[in-house]
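S.K.: Based on the hints, put chains B and C in the right spot on chain A.
Protein chains in written order, with the working numbering: chain A, 1323 to 1671; chain B, 168 to 628; chain C, 247 to 413.
Any given hint might turn out to be false.
[Stated by the list, open to error] Keeping only pairs whose Cα atoms sit at most 25 Å apart, straight-line, the calculated DSS-like set for lysine-lysine is: (1) C:K272 with A:K1649; (2) B:K431 with C:K272; (3) B:K507 with A:K1649; (4) B:K519 with B:K507; (5) A:K1402 with C:K272; (6) B:K318 with C:K382; (7) B:K307 with C:K411; (8) C:K412 with B:K311; (9) C:K411 with B:K602; (10) B:K191 with C:K333; (11) A:K1670 with C:K412.
These aren't lab readings, by the way, just hints derived from the structure by calculation.
Spelled out from the first residue to the last, the chains are:
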Amino acid sequence: MTLLAFDWILLIEKFVLIAIIVSVSLVIAMYETYAERKVAAFLQDRPGPNRAGPFGMLQPLADGLKLFMKEEIIPNTSNKFLFILGPCLAMLTAMMTCAVIPWGSHLELFGRHIDLQIADINIGILYVFGVVSMGVYGIMIGGWASNNKFSLIAALRGASQVISYELAMGLSLIALLMLTGSLSLRTIVDQQMAPGHLWNIVYQPLGFLIFLVCAFAECNRTPFDLPEAENELNFGYHQEYSSMKLGFYLFAEYINMFISSVIMATLFFGGYDIPFLDESTLNPNVAALLGGAALFLKVVFFIFLFMWVRWTVPRFRYDQLMDLGWKKLIPLALANMVVTGAVILWLKK
Amino acid sequence: MNAIILSAILGVIMMFSGIWVNNKATLRWIALAGLLVLLISNIAEMYGYRIWNVNVHNMLYFDRFGLLFNSVAIGSTFIFVALSGSDINRVGKYAAEYYTLIFFVLTGITIISVYTSLLMLFLGIEIMSIPLYILTGSDKRNLKSNEASLKYFLMGAFSTGLMLMGITLIYGATGSFSIEVLNNPAIAQGVSFLEITGMLFLLVSMAFKVSAAPFHFWTPDVYDGAPGVFTSFMATVVKAAAFIAFVKLFDARMSYSSAVVDWKMLLCILIIATLLIGNITAVFQQSVKRMLAYSSIAQAGFMLFAVFSMNEMAKEGIIFYAVSYSLATIGVFAVLLKMKDFTFEGYNGLAKSQPVLAFANTVFLLSLAGIPLTAGFFAKYFMLASVIQTGHYLWMVIVAVLFAAVSVYYYFRVIQAMYFKTGEGETENIHPGFKTGLIILTVIIILLGVAPNLIINFLYF
Amino acid sequence: MSITVVLFWFLTALALLSAIMVLLSKNPVHSVLWLIVVFFAISGHYILLNAQFLAIVNLIVYAGAIMVLFLFVIMLMNLNAETEPQKNTWLKLAGAISGGSLLLILVSVIRSATDMTGRTAQVGEGNIGLISNLGKALFSEYVVPFEISSVLFLSAMVGAVVIGKKD
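The shape of chain A in the complex, shown without the other chains (with noise of 0.2 Å):
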């Protein structure tokens, strides 16, 4: 029997990684919503949650237990097993973005070297564009499935900014690849680790700008929120929804963000580089120790980001929306990447 030989330590090993990346993700989404609620109060200048454990703490928990008990509805007339499938897909794909993520250097543990990475392929970025491009279909299907006019529209609306952005963001990425020669996300962060190196966001404002926008959209976060914008568009693609697969969504949306922010991290502000520090210095688990720390922190910034602009900007017009994803974005981000095509051809001559 041949079937089952390979080596299960790293098996294990990978396993418990899975196991403690999807629960920190889960718990940062959940504190997440905790967050946008202290922001929001914090910049309309109110208290905010404070009734649950000390400053609130416990609310996230409340919130969860709520969603938990409220009865469930399947409307009558929706495809039950798709009206399912719409929100598992949701936080599927959303999770699945994690598996090409470095999340730190690597840590030796009983005399093995663990990789803080679920899997370092070579095509890294692309992985997650696929992923990312996938999660339309937990819109699109909970749309269509919940047989409903105003959740169909807001679905078709919401894929359709989706896969509009996409362009503009794969096309702004195309620059940065030109620079890095590498997909792998590990190989993007080593080089900006190396001494000499400074942050690829030094080298790639503009595409920094562009994917920023972007990666708003693609999280259907404000100013691009029309697929579930509750008061002047009946809702989204959820109105169906109820007690935990609408909480499915509303936490697919979290962690869409709390991954948007990782990859922003990793692509332009250097991952688990911790700025004038020569990690090789230290031993190697506390220079990754750290290093996790310095992504995590970096990781909070953009979240407040997020956050910051939802409460500062109003919502886009769907007209405005589009313009802006085809007509400004796609050729900026074309115009970027001819011009740092010629630059590297000349310093390269």
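M.R.: Below, chains B and C without anything else, positioned relative to chain A:
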């Protein structure tokens, strides 16, 4: 390479001139100038002058045969735009885009006449077809045009799918896309079943592209539904180009007999079916446009003889056939487009109201029927003579001659309507320039009917 | 049976089953969803052949973009099992018989063909499918078709604008 790159560039130029030029007549002059430049550059390449020196990695091979056909195709397009340009401008608002698409079609044509790699064949066929789907549906208010476009697109996509499947199987069998490998006698005679299946798929998809029966069902509806000008372009230049690709692809299959598949017999069936269906159905049509659609199927049957016999004479013949058939059909369509009524009755009494048009039309129809002293006679002669040269299949020649006689019936119905029936023969306003153009075209056809070597000599000198 | 062989058979069965389900589903939306499963299974095959780039591009382009457009159209036109036209049973039967005989012939030919034996795919090795090698091949040996395909896309775009624009 000149023509491929230049036609793509000219397409882009036409696209941009649509922004700055509002006058449609000016656009037509720009297109004509572009075609002239293209023609000159291609003829220059025939004599060894290349503008770009591109390393094509053995994917294209610029031989005399392919380049001569390019010249023929570009020249026919020039005549087509010169005669029917005003009708292109009338189809819709986007004249500049129509010319752009025509230039892109020419890019595709110039690729498939010189390809040596199946990849390039696929790309060329697609570049040629996709603009045609659009041109077919360019009359947006007309439901028939929409239907034709959709039908053409779906059927075309399906046949392209078959072609890709065939190419995949051939690649699996030989490990190469090159038609040199494919036409290697050892492989052509061999019993590699993957490769044979692949060739069969290619045969089906090429038969579809040239609208040979039994893969012709899209043709009448598409040719009838599309705006008349674009039908004229589709039925002539494009169809002839597909034949050139066909000839290059099946070279070795016809020259060497394979132990497993009788390729000649397969082609025999195709030819007989095409001649039968094309000619017999054309007899029963009431609309001249639809009759021409069926007659183009029948003409395809004759052109298939070139693939069938595959000798030097066939190669000369297919080029000559392409010229004579394209010119005559472009002429017939140019006259048809000026008519108010597309049925046979619409032609009644045309000889009285428009004698020049009627005379030119008669010459074109005679050429299509293959009457001596017109180019069409020598075209058919070359095709049949090439079959006789192979020494077998004489019965095919006899069948073909019989069907040619049938075709005379429906071509002469138009002539009869023009000269021997009374009626108004109503036409649009005829510009004197149009008449001059028709007369020049008539002279060319008669000239070629007297001295066919004018074209064929280009193959060798 | 190594793990790759198990995976291969699993993916093959999945691809064939979902391809059949594409045809059998009454509801067009279900057909599209099954088609997406087919693309996933095929991408799995690409990964087994160590062609990661192809696998992921297959997903991004087909499953992520083209199928979304399919869904768009089907959902907007509100096609469902009731609006699906009832096809003639005889026509279905004729199609099944002619398609089935083609399948039978192809399978029997491939089974008996001498040029198929001993030519199995190399699973998990070879590196032509990796992005750097693919890029090199595309920009050296296959540069002519690569550049020429731009004309194809340009003409398709011009066509889409001509068809789509309001008169």
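S.K.: Please verify whether K431 (chain B) and K272 (chain C) have alpha carbons no more than 25 Å apart.
M.R.: Judged against 25 Å, a Cα distance of about 44 Å means the pair is violated.
S.K.: Is the straight-line distance between the alpha-carbon of K519 (chain B) and that of K507 (chain B) 25 Å or less?
M.R.: Holds. K519 (chain B) to K507 (chain B) sits at ~16 Å (cutoff 25 Å).
S.K.: Can the restraint linking K1402 (chain A) and K272 (chain C) be considered satisfied, given a maximum Cα separation of 25 Å?
M.R.: The hint holds at about 16 Å.
S.K.: Given the hint that K191 (chain B) pairs with K333 (chain C), does the C-alpha gap stay at or below 25 Å?
M.R.: violated, 47 Å
S.K.: When you check the alpha-carbon spacing of K412 (chain C) and K311 (chain B), does it fall within 25 Å?
M.R.: holds, 19 Å
S.K.: Decide if the proposed pair is consistent with the structure: K272 (chain C) and K1649 (chain A), CA atoms, cutoff 25 Å inclusive.
M.R.: violated, 40 Å
S.K.: Between K507 (chain B) and K1649 (chain A), is the straight-line Cα distance small enough, at 25 Å or below?
M.R.: With a Cα-Cα distance of about 45 Å, the restraint between K507 (chain B) and K1649 (chain A) is violated, given a limit of 25 Å.
S.K.: Has the given pair, K411 (chain C) with K602 (chain B), been kept, meaning a C-alpha gap of at most 25 Å?
M.R.: Violated: K411 (chain C) and K602 (chain B) sit about 36 Å apart, past 25 Å.
S.K.: Check the hint pairing K1670 (chain A) with K412 (chain C) against an upper bound of 25 Å on the C-alpha distance.
M.R.: violated, 47 Å
S.K.: Against the 25 Å threshold, does the CA-CA distance of K318 (chain B) and K382 (chain C) hold or violate the hint?
M.R.: Violated: K318 (chain B) and K382 (chain C) sit about 39 Å apart, past 25 Å.
S.K.: Straight-line Cα separation of K307 (chain B) and K411 (chain C) no greater than 25 Å?
M.R.: Holds, because 10 Å separates the two Cα atoms, which is no more than 25 Å.
In this structure, the hints that do not hold are numbers 1, 2, 3, 6, 9, 10, 11, in rising order.
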